[in-house]
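K.L.:
Take a look at the letters that make up each chain.
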Amino acid sequence: MARLSAGTSSEPYLRVDALSKAFGSIQALDRADFEVGHGEVMALVGENGAGKSTLVKILAGMYPPDSGRIRLGGSDVQFGGSTQSEHAGIAVVQQELSLVPSLSIADNVFLGDTRRGWRTRPGALARAAAPYLEQVGLTELDPRVPVEHLSVAERQLIEVARLLARDARVVIFDEPTAALADREIQRVKTVVRSLREQRRSIIYVTHRLDEVFDLADRVTVFRDGRSSAPTATGGLTLDQLISMMLGGTLEGLFPERATAPGTTVLHIQNLMTDNVTEPVNLEVRRGEIVGLAGQLGSGASDVLRAVAGHQPRVSGTVAVSGRTVPPTSPAAAIRCGIGYSSSDRKRDGLFLQRSVVENLTSPSLDHVTTAGWLRPRAERSMSDRIAETFTIDRLRLGSVAGALSGGNQQKIAVGKWTGHPLEVLLIDEPTRGVDVGARAEIYRHLRTIAEQGTAIVIATSDSQEILGLADTVVAYFKGTQVSVRRRTDTDSLLLTREITHPQEAA
Amino acid sequence: MSSADTSVAWSWRQASVPLAVVGAVAGLALVGWLTTPEFVTYRNVQSIVRSAALIGIIAVTMTGITMAGSFFSLSVSQTAAMAAIGFAAFMSWGWPVWLSVLVTFGIAAAVGAVQGGAVALGGNPIVVTLAVGAVLFGTGAWLTDNKTVRTGTDAADWIGTSRPLGIPTQTWTFILITVLAATVLARTRFGRELTLVGANRLAAAASGLRPGKITLYVFTVSSLGAALAGIFTAAQFGQGRLDQFDGADIDSIAAILVGGAAIQGGEGSALRTAVGAVFIAGLQNLMVLRGFSFGVRILFVGLAILVSVSAFTVLRNRRQMT
Chain A
56 MARLSAGTSS EPYLRVDALS KAFGSIQALD RADFEVGHGE VMALVGENGA
106 GKSTLVKILA GMYPPDSGRI RLGGSDVQFG GSTQSEHAGI AVVQQELSLV
156 PSLSIADNVF LGDTRRGWRT RPGALARAAA PYLEQVGLTE LDPRVPVEHL
206 SVAERQLIEV ARLLARDARV VIFDEPTAAL ADREIQRVKT VVRSLREQRR
256 SIIYVTHRLD EVFDLADRVT VFRDGRSSAP TATGGLTLDQ LISMMLGGTL
306 EGLFPERATA PGTTVLHIQN LMTDNVTEPV NLEVRRGEIV GLAGQLGSGA
356 SDVLRAVAGH QPRVSGTVAV SGRTVPPTSP AAAIRCGIGY SSSDRKRDGL
406 FLQRSVVENL TSPSLDHVTT AGWLRPRAER SMSDRIAETF TIDRLRLGSV
456 AGALSGGNQQ KIAVGKWTGH PLEVLLIDEP TRGVDVGARA EIYRHLRTIA
506 EQGTAIVIAT SDSQEILGLA DTVVAYFKGT QVSVRRRTDT DSLLLTREIT
556 HPQEAA
Chain B
946 MSSADTSVAW SWRQASVPLA VVGAVAGLAL VGWLTTPEFV TYRNVQSIVR
996 SAALIGIIAV TMTGITMAGS FFSLSVSQTA AMAAIGFAAF MSWGWPVWLS
1046 VLVTFGIAAA VGAVQGGAVA LGGNPIVVTL AVGAVLFGTG AWLTDNKTVR
1096 TGTDAADWIG TSRPLGIPTQ TWTFILITVL AATVLARTRF GRELTLVGAN
1146 RLAAAASGLR PGKITLYVFT VSSLGAALAG IFTAAQFGQG RLDQFDGADI
1196 DSIAAILVGG AAIQGGEGSA LRTAVGAVFI AGLQNLMVLR GFSFGVRILF
1246 VGLAILVSVS AFTVLRNRRQ MT
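Residue numbers (our numbering), protein chains in the order written: chain A, 56 to 561; chain B, 946 to 1267.
The following block holds chain A by itself, in its conformation from the complex (with noise of 0.2 Å):
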C-alpha cells in the first residue's frame, strides 16, 4: 500500500524527549522518547504496563511528567490539565468512550465545546455537525438520534468527529479496536487513513500487530518504560516486532515447572458463550498450571467466567472430577470446588472497607460456622494459615482490605479461595496492577496451591506471565480457541503470532 512520506520539515510536529514518570516505587516511563510528524500513523505497542498508557495520559495533559520535554510544532509546551493539552491540539479517543449516551449525536460532537454558547438550536446544531460526521464516515446517521443507540464503533467514529470539531492535530487512538468486530474495525481503520491524509499527526496504541503493519508507517516499542528508536513498518517483519517487544527475560521471576502432574479433574466439553464461537474443548490435571492466552476480547477470560458461573453458557458441559457443574451461579461452580478470581479485584473480588479476615473466610463460611454460629477461632486459624501461604503480613489481618497495597490486595483475592479443600482454581490476569515483586511471590504461590493437588487456570494478556509459569499454553484469538499446546513445545514468537495472527502463524 502507498504510503506517505513522514512530513518533510526537520523536526516532527510532536516530539517526546527524555520523558519520566514514577508511581511510588514503580517507573512507569523511564527517559522515554518518542515522536510523530505531519501526516504519519506512529504505531506505540508494548506488553502491558510498559509505559504506552502513562505516555498517553501524559500528552493528554492528565499527568504531569517528572522530568523531560515535550515539543509540539517546534516550541516546548507544558500541560497543567487536559483542558491545555485539548487547545494545543491533542486529543485522545478514549478506550472508555467519554460520549453522554442521552444526548444527541450532534450534541456529543461538541460536548464541552467552550466556543460554542450552551443555548444553540437542534437543528442548526445538527447542520453544524454534519460535516464532522461525514469525515468519519457515519453519513447514514441522523445526527439528533440519541447516542446510546448506536453501536461501540459508531460511537468511537462519533468521539473522532468530536476531537476533528475542535481541530485537533495530533489524535491519539488508545486500543480503538480492542472491542471491535472485524467489519467494524475496517470503519475505524479507513478514518485513521483519511486523518493522514489531512496532515494530522495520528498515534496508534494496539496490541494487534497485523494493526501496525496495515496502518502505521513507523512503529515505537515500549519495554519497562523504556522506548525502542521508531522504526519504519517497511523494512520490519512480524518475529522483529515481536522480539522487540519481549526482550530479555525476566530471571527469577518465575518458579520451578511442575514435576508430574496428576489425574485430570477439569473437562470443559464444547463450550461456547456469547463471544467464545466456536466450541472449547479442554482438560486439566491436578498439579497443572493451565495458561489461556488471548487479547482482550479473545475469548480466554469468557471461558474461565463461563466455567465459574459468572457468565451464561451457550452450550457444551463442564465437570469436575466427574461432577457436573451447573451452569447456573457462582455459588453452584464453589459447591463443585471451584474458585474463581477475577480481572478487576474491586469490583467483585474483595470487600474494601471489611477486614483482611472476613474476606479471606468470605468463600469457606460453611467451614467456619457452626449451627449457624460464627466460630472465631476457626476463623483466625483459616486466615493465618492462608496468611502463611501467600506471605501476608498477619498484623494487618485485622486492618480493612482496602488500606492493604495492590500486590496484597491480590493475594487476598487469589488466596480467599484455598481456605476450604478446592478442586480447580480459576484466576483471570492474576498479577493485574500488582509490582514485580509481588507478583514472583504470586507466582510461586500459584505453584505451591498446584503441587497440593488443585488444578490451575489462568487467563492473561501477558505472553512473558503464560509462558514462565504455565504447563500447558492455550492461544486464544477473536473468539476461537486456535491450539493447546505444551510449554516446550512453543516459545514466544509462536504464541505472540497465534494470539495476534492466527492466519500466518498455521
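Think of the hints as simulated: they come from the structure by calculation, not from any bench. Careful: at least some of the hints might be erroneous.
What the hints assert, rightly or not - Okay, the calculated bits of chain B under chain A, using three or more residues with CB under 8 Å as the criterion:
hint : region
1    : 1080 to 1087
2    : 1153 to 1162
3    : 1205 to 1214
Stated by the list, open to error - Some residues of chain A that are not near chain B, with every Cβ distance over 10 Å (derived):
hint : residue
4    : SER108
5    : GLY136
6    : THR194
7    : PRO334
8    : ALA386
9    : ARG390
Heads up, the beta-carbon is just placed ideally off N, CA and C, and yes, glycines get one too.
Starting from the structure of chain A, add chain B where the hints point.
P.N.:
Chain B in isolation, oriented as in the chain A frame:
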C-alpha cells in the same frame, strides 16, 4: 462495626466511630442539663427511654437493611400505623390477643417480604418502600375512613402498659431486640453474610453468598419490627390511627445514621443504632421541653443527620488511609 475478635491492633482510630456516637449522647445530656433543669429529672429520663424504645425497635430492626446495602425503608411509619389499626380492629372483633398479634405479624411479614423481593429483583429500595408506604397509607385511609379504630377491650392493655421490675415492656423489648440483633450481626453466619452483601454485593455473589435471600430477610425483619411498635402503641392507648407514627421514619433513619452505620452498607451496629435512638429521643424531648414547634424539631433532626453523616464519612476516610 469493627468486630473485636478480628481486629489485632486496637487503636483510637478504629474506635473513633463508637466513641463519636457515645460522645454525641453525652454532649446532648450536658447541653440539656445546663439549659433545661427538668431535662435530667428521673421522670423525664423515664419518658425519654420510653419514647426511645419505639423508635429504637423500628431503627434497630431497620439497621439490617442499611447494613445490607439497601439504604432504608421509607414504609416503616405506615407499616407501624397499619399494624396498630389492624391489631385494634382484630381485638375489637373479639379475637384473642395471641391471634391478633399473630395475624398482624403475618401480614407485616408478607408486606416486608414483598418489598424485599422487589428490591432483590433489582428494584430501587427507596422507590419500592416509598411506593409500598403510599399503598399502605391509601389502603388504611380507605378502610378506616381516616377514623380512629378502637380495640374496645382492655384485654391487650398489659402489652402496652405493664412494667415488669418497674420498667415498661417497650423498654424491655427494645433492650432484648438490641441484644439479639447485635448478637446475630456480629456472631452468626447470617450477620456476616448480611454485612458482606452490603460491603460489596457483586463480591458477595462471587463468593457464593446469597444477596437476594439476605435482602428478602432484612426487609421482612424491618417490617416485623415496625409492626411490633404498632402493636405496642395500639395496646397502650387502646386504639390505632393512621397518623400515629408520623415522623417515625425520619427519626429511625436519624437513629441509624447518628449510630454511624455506613449509608452505602457494609458497616454498622445494632448497639450503636440503639444509642442513636436514645439520642434522637432525647433531642426530641429536649426540644419539646424548650417549646420548639414541630417544624423546628424536624429542622434539628435533619441537622443531626447532616452533621453525623459528614462526621462519620470523614472519620472513616481517615481510618482507611492508615
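K.L.:
If a hint holds in the structure, say so; if it doesn't, say that too.
P.N.:
Here's how the hints hold up against the structure:
Three residues within the 8 Å Cβ limit are the bar, and the region 1080 to 1087 of chain B against chain A gives 0, so the coverage statement is violated. Here the region 1153 to 1162 of chain B counts 3 residues with a CB under 8 Å from a CB of chain A, which clears the bar of 3, and the coverage holds. Only residues whose C-beta sits within less than 8 Å of a C-beta in chain A count toward coverage, and the region 1205 to 1214 of chain B has 3 of them, enough to reach three; the restraint holds. Separation of SER108 (chain A) from chain B is adequate, the least Cβ-Cβ distance of about 25 Å exceeding the 10 Å criterion.
Its beta-carbon lying about 25 Å from the closest one in chain B, GLY136 (chain A) satisfies the requirement of being farther than 10 Å from that chain. Distance to chain B confirms THR194 (chain A) as a non-interface residue, since its nearest Cβ pair spans about 39 Å, more than 10 Å. Every Cβ of chain B is farther than 10 Å from the Cβ of PRO334 (chain A); the closest lies at roughly 26 Å, confirming the non-interface assignment. A Cβ of chain B approaches the Cβ of ALA386 (chain A) within 10 Å, the least distance being about 4 Å, so the stated non-interface status is violated.
Distance check for ARG390 (chain A) against chain B: the nearest CB is about 7 Å away, which does not clear 10 Å, and the non-interface claim fails.
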